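Chemist: Protein chains in written order, with our numbering: chain A, 1 to 139; chain B, 1 to 625.
In short, the hints are calculated from the structure, not lab data.
All of these numbers come straight from a predicted model, not from anything done at the bench.
Worth double-checking, as some hints may not be accurate.
[Claimed, not checked] Below are the DMTMM-like pairs computed for lysine to aspartate or glutamate, each with C-alpha atoms no more than 20 Å apart in a straight line:
no., chain 1, residue 1, chain 2, residue 2
1, A, LYS74, A, ASP110
2, A, LYS74, B, ASP588
3, A, LYS118, B, GLU500
4, A, LYS54, B, ASP241
5, A, LYS54, B, ASP376
[What the hints assert, rightly or not] Partial list, derived from the structure: chain B residues whose beta carbon lies under 10 Å from chain A:
no., residue
6, PHE47
7, PRO166
8, LEU232
9, MET358
10, TYR360
11, LEU375
12, PRO387
13, LYS421
14, ASN504
15, VAL507
16, GLY508
17, THR564
18, GLN587
[What the hints assert, rightly or not] Here are the computed distance ranges between Cβ atoms for each label pair:
no., chain 1, residue 1, chain 2, residue 2, range
19, A, ASN64, B, LEU323, 57 to 65 Å
20, A, ASP51, B, VAL377, 18 to 26 Å
21, A, SER23, B, PHE329, 24 to 32 Å
22, B, VAL507, A, GLY99, 22 to 30 Å
Quick reminder that beta carbons are idealized off the backbone N, C-alpha and C, glycines included.
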Amino acid sequence: MYGRKVKLRFLFVIIVLLILILSVFLVLKSLEENVVYFQSPSEIYTSSELDKKKIRVGGMVKKNSISITANEIKFIITDFKNEINVTYAGAVPNLFEEGKGVVAEGFLKDRNYFSATKILAKHDENYMPPEVKAAIEEK
Amino acid sequence: MLYSVIGYYSLILGLCFGLILILFSVKNFQNSKFDTKILSFTFLQFFFVVISFLCLVASFILSDFSNETVFNNSHTTKPLFYKIAGTWGNHEGSLLLWLFVLTLFILIFLLKSKNQPTKYKILTLVFQQIIIIGFFVFLIKTSNPFNFLFPTPEEGLGLNPILQDPALAIHPPILYLGYVGSSIIFSSALAATSLNLITKSWATHIKKWVLISWIFLTLGILLGSIWAYYELGWGGFWFWDPVENVSLMPWLALTTLLHCILVLEKKLILTSWVIILSISTFTLSMCGTFLVRSGILNSVHTFANDPERGLFILIFLFSLIFLSLFIFFFFHKANKDTPTSFFWLSKETSIIINNWFMMYFLSVVLIGTVYPIFLDVLSSQKISVGPPFYHKLIIPFLIPFLLVMAIGPKLKWIKSNLEDKTYLIILLLFSILLSFLIVKNFDINFLLNTILISSALYLFLITLRDFFIKKYNNISQNIAHFGFSLLILSILFNNLFSTEIITNLKVGETFKSETTKIVFEGMSQKKEKNYRSIVGNFSIQNSKGKIENMSPELRIYNQPNIVTSEADIKTTLISDTFIVINLVQNQDYFNVRYQVKPFMIWIWFSVVLISFGGLISFIKKKYEK
């Protein structure tokens with residue numbers, strides 16, 4: 001009924017559509033897997049279930065909370081309402097200081113302990129990550 | 001004070017000339033003649049922007065703190081070089097630089113396209129003036145670089161120290177030449193579409209602009225990447241940070257456009273591709289400016305979070321997109337009289353396949369960059385999309401991409417066959433074998449790595465072989481593709497064989513692992529005009545027993561009071577050794593990061609090679625004319 005050319009074109013359109021659907025699916029799937037959520041210490045404290053995936057925690061580094069040994073750095077992140085203990089083995093950025101904003105990426109051990117795999121750099125002394133600002137203002 | 005006044009009124013005059021130019025162009029368009037006054041007015045507009053720009057530079061050099069921009073971003077103790085570079089190290093100044101390049105390019109465009117049709121030239125000028133006026137209004141209304149401060153402060157606030165760096169001083173101008181170059185392509189494509197002038201000769205004419213913006217964009221991204229490598233202290237060169245992505249997106253679009261233009265020049269096909277890509281390259285450049293300037297993305301590029309600015313760019317951007325889509329849908333007529341069919345095995349097919357791959361890469365980067373913003377707006381959930389997302393979605397598709405890139409140029413236009421191509425198969429087998437040996441040798445048994453390395457190696461060997469065949473005349477393409485294969489290979493080896501040690505050390509302590517011994521021997525202090533620095537002396541012994549002394553530095557700047565770390569990097573042809581220290585507040589410990597990164601220099605070199613390929617193409621075509 002239809003010519004060979006029409007059939008071919010039809011096949012072509014179907015293949016393109018399939019590829020398109022497949023790639024959209026792929027993109028969405030890996031988005032879901034690789035997205036890192038941001039939480040404040042209070043959110044972690046009040047959450048009903050602990051996130052097993054990698055998350056980011058942000059807030060202020062509590063005054064006099066940094067302690068350091070040869071292998072790791074410990075400190076406390078606070079949003080002035082709740083706080084969380086962080087242990088970290090790795091490089092710290094220049095602007096990592098007590099009383100300044102910080103964002104740590106890693107895994108929750110329990111409600112009070114967070115094991116960080118990365119501490120994010122800031123670029124400016126006056127600058128505070130919007131997430132941290134929001135987390136502190138929410139209290 | 002005086003300079004601010006001159007600068008401000010020059011801007012207003014420049015805006016006036018923009019409006020006059022549009023009026024004039026409309027009149028000339030109807031009579032279809034090209035008045036020489038147009039050229040003089042364009043020159044005058046450019047002249048006033050230059051005056052304005054020089055006034056800002058002068059205010060920075062003289063540390064005129066009655067100017068708000070200077071006050072916010074400069075300091076008297078800053079070295080002269082960074083006073084000048086500070087001109088575009090801030091929001092207002094960098095927009096003035098945008099404007100400077102915009103007006104410069106339209107002037108060059110008019111001077112260089114004397115032989116083009118009059119109506120086309122005028123229409124391009126009109127579209128370009130719309131963009132220019134948009135930027136003038138934006139600059140004057142929301143981000144005037146010449147605001148007064150009274151009473152005049154004694155001292156400025158200083159420039160963010162991590163921006164006080166030679167690579168970053170020239171990074172913005174170079175990048176902007178690329179970004180703004182795409183505005184000419186945008187205006188010209190719209191003009192050509194409206195007049196139904198998308199022809200082979202148009203392709204030849206606009207190709208130079210595509211090439212020049214592409215070269216600058218490539219080099220601009222490279223400079224930013226090199227800076228991030230040695231200044232941010234992470235020891236990487238690409239972080240999939242949103243601000244990096246916004247420069248990568250126009251690059252991907254522009255690279256695709258470059259290939260489409262080459263096809264259009266020969267075959268008069270892919271016209272819709274060319275128009276859409278011309279529009280999207282510039283739109284993506286604008287999007288980049290919007291995302292970065294509005295403070296939505298937070299990074300070193302975010303100078304101020306001002307919602308008004310973001311809103312303005314957003315409205316401007318959407319009007320431009322609307323205008324261009326309108327022109328595309330109503331004026332673009334597909335070329336019916338030329339044969340557009342080609343055999344599946346041909347150069348055209350391979351270019352189209354890789355175009356689609358590039359579009360796929362572009363969408364991945366776009367989604368990864370924009371999705372967190374949308375989610376934040378819609379559900380106020382804060383998320384970030386990290387490197388694993390991009391790696392997972394891009395790396396597997398690099399394999400077919402590289403293979404098509406290797407074989408494509410070997411095919412003929414319209415229809416090709418695989419006779420006399422046995423060397424293609426021999427080289428493929430050879431590269432698979434070689435990469436298998438490499439990966440096996442280092443005990444990293446990933447199937448993916450073997451396939452990836454072999455496909456990159458395949459492209460490498462094929463392009464390398466072509467250098468020795470005299471008959472082969474497309475030297476620019478060969479250099480660029482060779483550079484790309486080298487880039488992928490270096491990145492792969494760099495990722496596979498990098499090693500890292502992170503530890504906290506006190507002065508005098510030693511860190512020992514199976515392969516490396518790091519001794520923190522001592523500390524010394526230095527004092528410069530605007531910072532003092534602590535230099536750590538380290539001696540590092542690797543597994544072969546070779547001892548190297550390295551001295552990373554911590555700089556404590558006076559104004560603003562910020563600590564930056566300067567990595568010490570020893571570069572050889574085979575690998576970089578990289579060490580950086582950080583002070584942890586009120587503690588005796590220094591946080592030490594030591595990395596051995598193979599083939600670092602080859603990553604930079606290959607990108608230079610890629611843009612060199614573009615340069616050759618640019619020069620070559622000029623000779624033929």
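Chemist: Among the hints numbered above, which are violated by the structure, and what are their numbers in rising order?
Modeler: Numbers 6, 7, 9, 13, 15, 16, in rising order.
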